[in-house]
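**Student:** In case you want the letters, here they are:
Protein chains: 2
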Amino acid sequence: MAAQTVASASTDSAFGPASALSCRECGERFPLEPLFACEACFGPLEVAYDLPSGDPETLRKRIESGPNNIWRYAPLLPVPADVASKPNLNPGFTKLVKADNLARELGVTGGLHIKDDSGNPTHSFKDRVVAIALEAARTFGLTTLSCSSTGNLAGAVGAAAARAGFRSCVFIPHDLEEGKVVMAAVYGGELVGIEGTYDDVNRFCSELIGDPIGEGWGFVNVNLRPYYGEGSKTLAYEICEQLGWRLPDNIVIPIASGSQLTKIDKGLRELIALGLVEEKPYRIYGAQAEGCSPVSTAFKAGHDVVRPQKPNTIAKSLAIGNPADGPYVLDIARRTGGAVEDVNDEQVVDAIKLLARTEGIFAETAGGVTVGVLRKLIETGQLDPAGETVVLNTGDGLKTLDAVAPTSRPTATIRPSLDAFRAAGLAG
Amino acid sequence: MAAQTVASASTDSAFGPASALSCRECGERFPLEPLFACEACFGPLEVAYDLPSGDPETLRKRIESGPNNIWRYAPLLPVPADVASKPNLNPGFTKLVKADNLARELGVTGGLHIKDDSGNPTHSFKDRVVAIALEAARTFGLTTLSCSSTGNLAGAVGAAAARAGFRSCVFIPHDLEEGKVVMAAVYGGELVGIEGTYDDVNRFCSELIGDPIGEGWGFVNVNLRPYYGEGSKTLAYEICEQLGWRLPDNIVIPIASGSQLTKIDKGLRELIALGLVEEKPYRIYGAQAEGCSPVSTAFKAGHDVVRPQKPNTIAKSLAIGNPADGPYVLDIARRTGGAVEDVNDEQVVDAIKLLARTEGIFAETAGGVTVGVLRKLIETGQLDPAGETVVLNTGDGLKTLDAVAPTSRPTATIRPSLDAFRAAGLAG
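Chains as they are written, first to last, in the UniProt record's numbering: chain A, 1 to 428; chain B, 1 to 428.
Worth flagging that the hints you see were computed from the coordinates, not collected in a lab.
A hint or two may mislead.
If chains are identical, the list can't say which one is meant, so a pair holds when it fits in one copy or spans any two.
Stated by the list, open to error - The calculated DSS-like cross-link candidates involving lysine-lysine, where the alpha carbons are at most 30 Å apart (straight line), are:
| id | residue 1 | residue 2 |
| --- | --- | --- |
| 1 | K98 | K61 |
| 2 | K86 | K98 |
| 3 | K86 | K61 |
| 4 | K280 | K98 |
Here the structure is a predicted model, which means the values were calculated and not measured.
Okay, chain A solo, but in the shape it has when bound:
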């Protein structure tokens, strides 16, 4: 593993409250380095913490007086205390939108909120995870920031690397949406199209990282993955803080690799453990597109293992056929009394337009998946509409225009005259 040979500049304080990497399977602990797989059992590593003890009210006040971005939660993240002073895109603290119009349409009576991550710097939740990975790369003295990506991550890595002064080299499937390709390329780093699916891209990156070529490279979602994943915890923190330091009853989360869902659950449990929110039951729901629904399929079949699928859906940002965290997602959905559900592409488009027409939020296909799944969960009695519910929109509709373009056209095109306006039947 070439990255391991890079001299580590880590000190206790460089990773804030983080104390070690620990294996999710066997519990073995490792130092805070660019590692991602347990040397004992090959299980995935995650960041372990000595979280702040003491009065929750003091911690809550410290957070509330912090910056309007994820660094307000620095005391709970593997970053140095002065992280906000370093060049970074400073994502997060996006809007939690009270969605009363959508709630009426769907029959949600307990309060419905959209956590709208299209407000991030490159307009997807990926800015959160990249921000943390980048700080780890800086600490480890890595000089190239890299990733495999279904599109959103490519833009997030390109942009963050540009601002922070890293070289970047990003790998994408060759058939991505135009907007995501241009956005990934515009920041001036290397952008490499791979002839294959996302899973092929991912495999190639694992190969690269084991080769001398990869020396000094930080692959945010490979050798920096334990740090990267922690960025998703901030979604849990923000949702609860924006609700007035309270847990919601239901959260609907999209599943690509499944990492985001597992880290949101981790974040919620931390808030409870720290006394920042009152403990109560919450249900976590996973959302997939039918054309790439390995986790949903396993959930419905009552399986513990996730059988890989070949993706075929317009929701390309969720098109991971072999989701690394799939089994953990199944555990969490079952433990919390939630579910994993899927919707087809037509339902995804309908849900994007429903959200736009009711709340003025133009979501990416992934947002169509979560809103569509919410509707289906209610219709099938799997989600209690009397509960307070949060739905994630993790990306921006401008990046997946193709999904809605055929049915989102001008009502009419006319000459600039009142007669033409009347003739078009638009005079009301």
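Following the hints, position chain B against chain A.
**Tutor:** Below, chain B without anything else, positioned relative to chain A:
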């Protein structure tokens, strides 16, 4: 004027500190209604205020404890005190990004900041002006929200109307960028393409508003224009608050109609009058694209009048050939010791890519215009690089992909193998 006949629900408090509409030419005062031209001299109307008196420190604290959007400035806007509780997109308080990398490239030594309005809900500054116009429409009992638009405004009106429960009917030139068309249509309102330029669209809307068809319609940039324009003041407020309640030395602002520039100047003068910032000289610079540079042309020629042009530029959001506020822009640039400058389309594209590569910000063509003009102002000695400078990015690169798409492509497309990677010369 049909809209005048609509019953007004205005009360003293519905418009907060606003006291009247007043003519910018003759000073004649009118009640706070859906009026936009002086009945005496046909000059444009603007909102006049009885701004809060008393201790600036108290007002500053009140603002700082307000929401993270434009409603924190409700005491300085023509909106009711409880405006934040109404359904609105709640734009504003976007990032002011310290742009040290760009500063180095351009030789700015006094501090350079990007006011990045791509972070607004529909990713342009138009959300600010629409938010205020919508509140006025609500107060006036209007039921259709409308506009003429070069694209950004169309999306902003469509989204805001959807969330607030208004019907919308939006008019655009028929040849807009794909992204802007889809974004305007996705919110489910009427979208009408007009065979002509933006100026043709604008003329048509003025005709519509004088016709019975327009009864009950709020054209945000026609009969609601005085309210609408005030939204741009919030850019001035935010810039100064985010600098630590301080005026910058230089601000570079794009010019379409010129309204935004005049209102930013108005906002700065209000902050000085209220004692919220210390008075000192500041210079206001206007930025145009060469292919639509009527104000820049007049500035350079020393003229007071602006001769209309037929626009031909990739910066379509600035392509207003007959800018209503052009003469006021000339006044302000000359009074403050600033300038109005223009750059050609190639320079616009170069500047978009420069900003992306240095700061990770992907700007719309309008942002390419301001950054390109900043570079030109420095090179020609018109702007002192030792001054603290703020440059506006008013929109999002995802909406004008065509501008950079031809030169923002993958470095290579390869099979997923290390050999292919090496063969492509990417192994560094």
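**Student:** Now tell me if each hint is right for this structure.
**Tutor:** Hints, verified against the model:
1. In this assembly of identical chains, K98 and K61 lie within 30 Å of each other by CA distance both inside one copy and across copies; the values are 24 Å within and 26 Å between.
2. In this homomeric assembly, K86 and K98 come within 30 Å of each other (Cα to Cα) only across copies, at 11 Å, whereas the closest approach inside a single copy is 33 Å.
3. With identical chains, the CA atoms of K86 and K61 are at most 30 Å apart both within one copy (23 Å) and between copies (28 Å).
4. For a Cα distance limit of 30 Å, the shortest separation of K280 from K98 inside one copy, 22 Å, qualifies, whereas the shortest one across copies, 42 Å, does not.
In terms of the numbered hints stated before, the structure departs from none.
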